[in-house]
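Student: Residues per chain are reported as follows:
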Amino acid sequence: MYPRTFAYHRAASLSEAVRMLGQLGPEARLLAGGQSLIPLMKLRLASPAALVDIGHVPNLNYINKTNGGFAFGPLSRHAEVERSPAAAQIPILHDCAAGIADVQVRNWGTLVGSIAEADPTGDWAPVLLALGADVVCQGESGERTLPLAEFITDAFTTRLLPGEIVREVRAHRPAKNSGGAYIAFKRCAPVYASASAAVQLTLEDRVCRNPRIFLGAVGLTPVHAREAGRALEGRAIDEKTIAAAADAARAAADPQSDQRGSAEYKRELVRGLVTEAIRAAARRAAGQPVEVAHHYA
Amino acid sequence: MPEAAKIALSCRVNGRDVQAEIEPRTLLVEFLRDELDLTGTHIGCDTSFCGACTVLVNGRSAKSCTLFAFQAGGAEVLTVEGLARDGQLHPVQQAFVDHHGLQCGYCTPGMMMSAVHLLAENPDPSEHDIRKGLAGNCCRCTGYQNIFKSVAAAAKMGGR
Numbered sequence: 070m071y072p073r074t075f076a077y078h079r080a081a082s083l084s085e086a087v088r089m090l091g092q093l094g095p096e097a098r099l100l101a102g103g104q105s106l107i108p109l110m111k112l113r114l115a116s117p118a119a120l121v122d123i124g125h126v127p128n129l130n131y132i133n134k135t136n137g138g139f140a141f142g143p144l145s146r147h148a149e150v151e152r153s154p155a156a157a158q159i160p161i162l163h164d165c166a167a168g169i170a171d172v173q174v175r176n177w178g179t180l181v182g183s184i185a186e187a188d189p190t191g192d193w194a195p196v197l198l199a200l201g202a203d204v205v206c207q208g209e210s211g212e213r214t215l216p217l218a219e220f221i222t223d224a225f226t227t228r229l230l231p232g233e234i235v236r237e238v239r240a241h242r243p244a245k246n247s248g249g250a251y252i253a254f255k256r257c258a259p260v261y262a263s264a265s266a267a268v269q270l271t272l273e274d275r276v277c278r279n280p281r282i283f284l285g286a287v288g289l290t291p292v293h294a295r296e297a298g299r300a301l302e303g304r305a306i307d308e309k310t311i312a313a314a315a316d317a318a319r320a321a322a323d324p325q326s327d328q329r330g331s332a333e334y335k336r337e338l339v340r341g342l343v344t345e346a347i348r349a350a351a352r353r354a355a356g357q358p359v360e361v362a363h364h365y366a
Numbered sequence: 018m019p020e021a022a023k024i025a026l027s028c029r030v031n032g033r034d035v036q037a038e039i040e041p042r043t044l045l046v047e048f049l050r051d052e053l054d055l056t057g058t059h060i061g062c063d064t065s066f067c068g069a070c071t072v073l074v075n076g077r078s079a080k081s082c083t084l085f086a087f088q089a090g091g092a093e094v095l096t097v098e099g100l101a102r103d104g105q106l107h108p109v110q111q112a113f114v115d116h117h118g119l120q121c122g123y124c125t126p127g128m129m130m131s132a133v134h135l136l137a138e139n140p141d142p143s144e145h146d147i148r149k150g151l152a153g154n155c156c157r158c159t160g161y162q163n164i165f166k167s168v169a170a171a172a173k174m175g176g177r
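Protein sequences appear in the order of chains A and B. Residues 70 to 366 (the numbering used here) are what the first sequence spells out, left to right. Residues 18 to 177 (the numbering used here) are what the second sequence spells out, left to right.
A hint or two may mislead.
Unchecked claim - Heads up, simulated EDC-like pairs for lysine to aspartate or glutamate below, C-alpha to C-alpha not over 20 Å straight-line:
#	chain 1	residue 1	chain 2	residue 2
1	B	Lys-149	A	Glu-360
2	A	Lys-111	A	Glu-96
3	A	Lys-111	B	Asp-103
4	A	Lys-111	B	Glu-40
5	B	Lys-149	A	Glu-96
Claimed, not checked - Chain A stretches covered by chain B per the calculated footprint, using a threshold of three residues with CB under 8 Å from any CB of chain B:
#	stretch
6	71-82
7	248-260
8	331-343
Said to hold, decoys possible - Label pairs and their calculated CB-CB ranges:
#	chain 1	residue 1	chain 2	residue 2	range
9	B	Pro-140	A	Pro-95	46 to 52 Å
10	A	Asn-130	B	Thr-159	34 to 40 Å
11	B	Leu-106	A	Pro-127	36 to 42 Å
12	A	Pro-231	B	Asp-115	55 to 61 Å
13	B	Ile-60	A	Glu-296	44 to 50 Å
14	B	Gln-120	A	Glu-302	53 to 59 Å
15	A	Arg-275	B	Thr-159	43 to 49 Å
16	B	Cys-62	A	Ala-366	28 to 34 Å
17	A	Ala-355	B	Arg-102	37 to 43 Å
18	A	Glu-85	B	Lys-23	20 to 26 Å
Simulated from the structure, these hints should not be mistaken for lab results. Idealized CB from N, CA, C, for every residue including glycine.
Could you build all of it, start to finish, from the sequences and the hints given here?
Tutor: This is the structure we're talking about:
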């Protein structure tokens, strides 16, 4: 058998899961879909002494419309997000959900789990940062809500306290006349992205407002390409401003050379992906339906 | 390292009720192959990459190397051994035979299970839909063209 031995605890509710995690201490991990944790356990890169399984807790598999946007429950799976009204209304959510790994992984992996894992190459974080999102954490002393931008602090590291779980992620509804797109470059479907770009922007009389550009897989956390946003803010989106933004995003990327490519190669990917994502986001903001898809080597 | 306490697992596999005591760390693929002797489900990698181990759990395709067996507790599991009925090949199996959808055959059970899942969700898939639906399955012989043809043919046969 691949993973190390662990003790199994099945939670009947989220509050029981919180209680179990508190009793078991920091060597215990929460299991939802398992599509990040199980591969790590098989390679023994993670060897928790205990797993607290919330996979059989009822009513955690929801995507609720709220005043501010959409709330995702701890067991709402990528494939369900893909088919949800949330994804139909907010195209960048669909770009992301439909492009995560492969069908099998999308059938089991969860959006909330992906955020809690904070893998630097994960797809959801750059997308939800571009939209704006909050993370609801539940511990034995109650709940607290953090902006996603504050929640992820480093690679695989968040502000989640020992004994806390992420009980919901809330994506903000974009402004009127806003559009977004998410495009990744992957060597093939089942692997993590080599680089990715999430763009959300608003058009007011053809002038770009509040552009938010986040890059995935090219830093220890998603990179907020602020200068790239400044290159678009208050300007018409044309080939010149797009090129300036893409150059700024390329400069903001901080990739490492690895088996997915050299740092230089990934910076070039960022330039191309940001160019394409801005074009798609602008057309969507103008009300045109645009299909985007990831690039596979 | 001390043995962890065993846990009870009950589920249905290919229409048969199954009960067992398992170590918590048992992967679903290990349970199917080693406990139930259902060796049609293959292990083709150690990294959740290749999809040779694909099965359906409550109709949802899964890489059974990337689920613990306990995650299938109470569920209905379908493996490649459960596709044929009364000696009749499933339309997806028949289409793979008719269109030479396999070379070495190692990836074939996973390919067929992904195809069954795809056709259940989308009975009339486009070429693009087929490619996207099988993107989590790796054929190391690179025999993809005939695999895609087989799935398209199974769809035409009403292959669910």
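Student: Are there hints from earlier that the structure breaks, and if so, what are their numbers?
Tutor: As far as the earlier hints go, 3, 5, 8, 16 and 17 are violated by this structure, in ascending order.
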